[in-house]
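Start from the sequences and build out the full structure, keeping to the hints where you can.
2 protein chains.
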Amino acid sequence: MKVRVLITLKNGVLDPQGKAIEGALHGLGFEGAENVRQGKLIELDIKDASSAAEAEEKAKAMCDKLLANPVMESYLIEVMEAA
Amino acid sequence: MKVRVLITLKNGVLDPQGKAIEGALHGLGFEGAENVRQGKLIELDIKDASSAAEAEEKAKAMCDKLLANPVMESYLIEVMEAA
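One line per chain: the protein sequences are B and U, in this order. All residue numbers for the first sequence refer to my numbering, where the first residue is 1 and numbers rise by one. All residue numbers for the second sequence refer to my numbering, where the first residue is 1 and numbers rise by one.
Be careful, since some hints might not be right.
What the hints assert, rightly or not - Each computed SDA-like pair below joins lysine to any residue, with the alpha-carbon atoms no more than 20 Å apart: (1) B:Lys-2 <-> U:Gly-29; (2) U:Lys-2 <-> B:Ala-24; (3) B:Lys-65 <-> U:Glu-22; (4) B:Lys-19 <-> U:Glu-43; (5) U:Lys-40 <-> B:Asn-69.
As the list claims (entries may be wrong) - Which residues of chain B face chain U? A few of them, derived with a C-beta cut under 8 Å, are: (6) Lys-40; (7) Ile-42; (8) Ile-46; (9) Asp-48; (10) Lys-58; (11) Leu-66.
FYI, nobody ran anything at the bench for these hints, they're computed from the structure. Treat the numbers as computed from the prediction; the structure is a model and nothing was measured. All residues carry an ideal CB built from backbone N, CA and C; glycine is no exception.
What follows is the structure, encoded as structure tokens:
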């Protein structure tokens with residue numbers, strides 16, 4: 001199963017990287033860009049999952065144990081299709 | 001318009017970060033994790049776009065000029081909904 005994990009900073013957590021990108025975009029003339037937030041995207045295959053639900057469960061455990069910092073980050077799991 | 005930009009390394013480009021995550025996942029017992037690739041996720045509002053198509057066009061221009069490195073990265077734009 002191919003899984004996509006989207007990890008973003010929780011609301012309220014300062015995002016200097018996002019601010020820097022927003023400033024650079026404005027400098028390039030993209031005045032309409034607002035609330036720019038940068039996060040992490042992790043794509044992986046989970047070969048020992050026989051269903052989308054099982055893949056999502058395993059991905060959730062991976063996020064809770066390693067991929068996402070529970071204090072500052074939240075995550076979203078998207079099961080793409082059978083790898 | 002709320003837009004999500006998913007930036008990933010092009011196939012064939014070495015991903016040491018992804019390899020490191022894969023190794024750590026295996027170390028935690030997630031043997032089924034394979035082909036782990038890490039990329040960037042950027043979420044932003046585009047306030048001067050009156051349609052999804054226009055928001056996508058502006059986001060594409062932002063990627064081409066700043067957000068994605070055309071040599072090593074490819075990007076995917078998802079227009080989420082009116083911000």
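Here is how each hint holds up against the structure:
{"no.": "1", "hint": "B:Lys-2 <-> U:Gly-29", "verdict": "19 Å, holds"}
{"no.": "2", "hint": "U:Lys-2 <-> B:Ala-24", "verdict": "19 Å, holds"}
{"no.": "3", "hint": "B:Lys-65 <-> U:Glu-22", "verdict": "13 Å, holds"}
{"no.": "4", "hint": "B:Lys-19 <-> U:Glu-43", "verdict": "12 Å, holds"}
{"no.": "5", "hint": "U:Lys-40 <-> B:Asn-69", "verdict": "16 Å, holds"}
{"no.": "6", "hint": "Lys-40", "verdict": "6 Å, holds"}
{"no.": "7", "hint": "Ile-42", "verdict": "5 Å, holds"}
{"no.": "8", "hint": "Ile-46", "verdict": "5 Å, holds"}
{"no.": "9", "hint": "Asp-48", "verdict": "3 Å, holds"}
{"no.": "10", "hint": "Lys-58", "verdict": "7 Å, holds"}
{"no.": "11", "hint": "Leu-66", "verdict": "6 Å, holds"}
In summary, the structure agrees with every hint in the numbered list given earlier.
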